[in-house]
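J.: Below are the chains, spelled out letter by letter.
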Amino acid sequence: MTGAVVDASEGADAMHSILLLPRNAAVAALIAYRTVISPLYGDVCRYYPSCSAYAMHAIAQHGAVIGSGLALRRISRCHPWAAGGVDDAPLKKNFKYSVTPRGFVVTARHRKG
Amino acid sequence: MDLLSIILWPLKWAVELILVGWHSLLSALGMPPADGLTWVLSIVGLVLVVRALLIPLFVKQIKNQRRMMEVAPQLKKIQDKYKGKKDQFSREAMSRETMELYKKTGTNPLGSCLPLLVQMPIFFALFSVLNDSQTGKSGVGPLNEALSEQFGSSSLFDLAPLHMSFSSAMNAAGGPQVGVMIVAAIMVVLMTASQFITQLQIVSKNISDETKASPMFKQQRILLYILPFVFLFSGFAFPLGVMFYWLVSNIWTMVQQFIIIRNMPMPGTEAAKEREERLARKGKLKPADGAAGDTLVIEEKKPAQRQQPVGKNRAKKAGAPKAQAPTGPAAPKSGGTAPTTPAPKAAPAAPTSPAAGSKPDASKAPKNNGK
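Read top to bottom, the protein sequences are chains H and P. Sequential numbering of the first sequence, starting at 1, is according to this note's numbering. Sequential numbering of the second sequence, starting at 1001, is according to this note's numbering.
Among the hints, a few may not be true.
To be verified - Capping the alpha-carbon separation at 30 Å, the derived lysine-lysine pairs in BS3-like fashion look like this: (1) P:LYS1085 x P:LYS1060; (2) P:LYS1063 x P:LYS1083; (3) P:LYS1083 x P:LYS1273; (4) H:LYS92 x P:LYS1083; (5) P:LYS1273 x P:LYS1312; (6) H:LYS92 x P:LYS1063; (7) P:LYS1103 x H:LYS93.
Claimed, not checked - Derived Cβ-Cβ restraints for the label pairs, each shown as a range: (8) P:PHE1258 x H:PRO90: 43 to 51 Å; (9) H:ILE31 x P:ALA1028: 29 to 37 Å; (10) P:PHE1233 x H:VAL86: 34 to 42 Å.
Read the hints as simulated data drawn from the structure, not as lab findings. Model, not experiment: these values are computed from the prediction. Even glycine gets a Cβ: it sits at the ideal position worked out from N, Cα and C.
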């Protein structure tokens, strides 16, 4: 009985991991960009966090599609006439995953165990 | 048509329009249309147009940098608050507060990535225009097949066709074309040199000491040594026409930077000091800006003890040297601590100064001036 419950949750975990794949792939790409390309032209963003950090956060919270949309909106906001300032990505209301220190998204259960 | 070429289409069109426009202008001025030089100068014209359009962005950025001086005290306060705290959370909080300050005061010194983003598609557009001309394809707009062919095969220094690159010259059908390779190598060296000089100008003169200590600056410094390798790689792969655009653009940046550093340096940097010195030499600097800092009007210390009233006879004796004090040895003494103190300021101070300075001369002075 209990074994079946564990199996079911493991199955759900596996499904979640697949669901999380696109956003983790996007996060990995952004990490690569931030370590290789971003330092090449230094600190230019008029906002905090910078556009790439915003994109990482947005994608981790909302997934690859909505997150990319948010990031694109942010990049279009970031131009020399913008006031700049602190501008965080919106948080998802019922965010059921957890985020590792590097920025990858894992299922909440993964974190506990 | 794939997505990228759809996005690039309008830019390619604009690039072609500018190129063909310059080309027909130069031809109208009497330059032979098929000559390599005419097309090379058209690329120079393209650079001029693009960079001139970007000038307002730089002007805005520089104005903001100048206004940074107004918020410097507040910025210092934030920096002091987080001094020595190197953990991630403090760093983050500091960045947040700094950004808030920039927003509140409207002095954001960062230019956003737009100037970079604008340049990149132009670059790719030129790349694809040259690439197409290599294969004999016409452009998307004003550059027709004949012009495209002419453009691609016109050569730089009568040696190297614009559409060729180091790698294509190396793998050319009839053996490696050494001339093209030499031209490409020279371009790489020139580009690296111009980039290096530009960066060095900024780094050595236009950066304040606080910025020099920041980790971001160290990162920038590393970039200075990575860039030559980027050029080496691109010089290998890119057509000479693209390289030439890049080179002219680099030279523009270098000159622009030189003018900016010379005429409107960041306050508090070496370049700013040099500018003040230059202006002071020409006598153009208003005393209010430059001299106010180092002119200290030394308040003459009032003697702690009340001065003894002097008898009529003694006053007569001492009177002569005292009046002489400003020009006598007493004047340099009171002015010694502040060389720029104007003489008239010292004059009224002298009579109230303790007589100690002038007393030893009392015996001497009457001899010269008494009669």
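J.: Taking 29 to 37 Å as the hint, is the beta-carbon distance of ILE31 of chain H and ALA1028 of chain P inside that range?
T.: With a Cβ separation near 54 Å, ILE31 of chain H and ALA1028 of chain P fall outside 29 to 37 Å, so the hint is violated.
J.: For the range 34 to 42 Å, tell me whether the beta carbons of PHE1233 of chain P and VAL86 of chain H fit it or not.
T.: 38 Å, holds
J.: Between LYS1103 of chain P and LYS93 of chain H, is the straight-line Cα distance small enough, at 30 Å or below?
T.: Judged against 30 Å, a Cα distance of about 28 Å means the pair holds.
J.: Are the Cα atoms of LYS92 of chain H and LYS1063 of chain P separated by 30 Å or less?
T.: 39 Å, violated
J.: Next pair to validate is LYS92 of chain H with LYS1083 of chain P; report whether the Cα-Cα distance is within 30 Å.
T.: Distance ~34 Å between LYS92 of chain H and LYS1083 of chain P Cα, so the pair is violated.
J.: Assess, step by step, whether the Cα of LYS1273 of chain P is no farther than 30 Å from the Cα of LYS1312 of chain P, and give holds or violated.
T.: 55 Å, violated
J.: Is the Cα-Cα distance between LYS1083 of chain P and LYS1273 of chain P 30 Å or less?
T.: Measuring from Cα to Cα gives roughly 27 Å; hence the hint holds.
J.: LYS1063 of chain P and LYS1083 of chain P: Cα distance at most 30 Å?
T.: 28 Å, holds
J.: Taking 30 Å as the top limit, are the C-alpha atoms of LYS1085 of chain P and LYS1060 of chain P close enough?
T.: 33 Å, violated
J.: Are PHE1258 of chain P and PRO90 of chain H spaced within 43 to 51 Å by their CB atoms?
T.: 44 Å, holds
Of the numbered hints given earlier, the model fails hints 1, 4, 5, 6, 9; all others are met.
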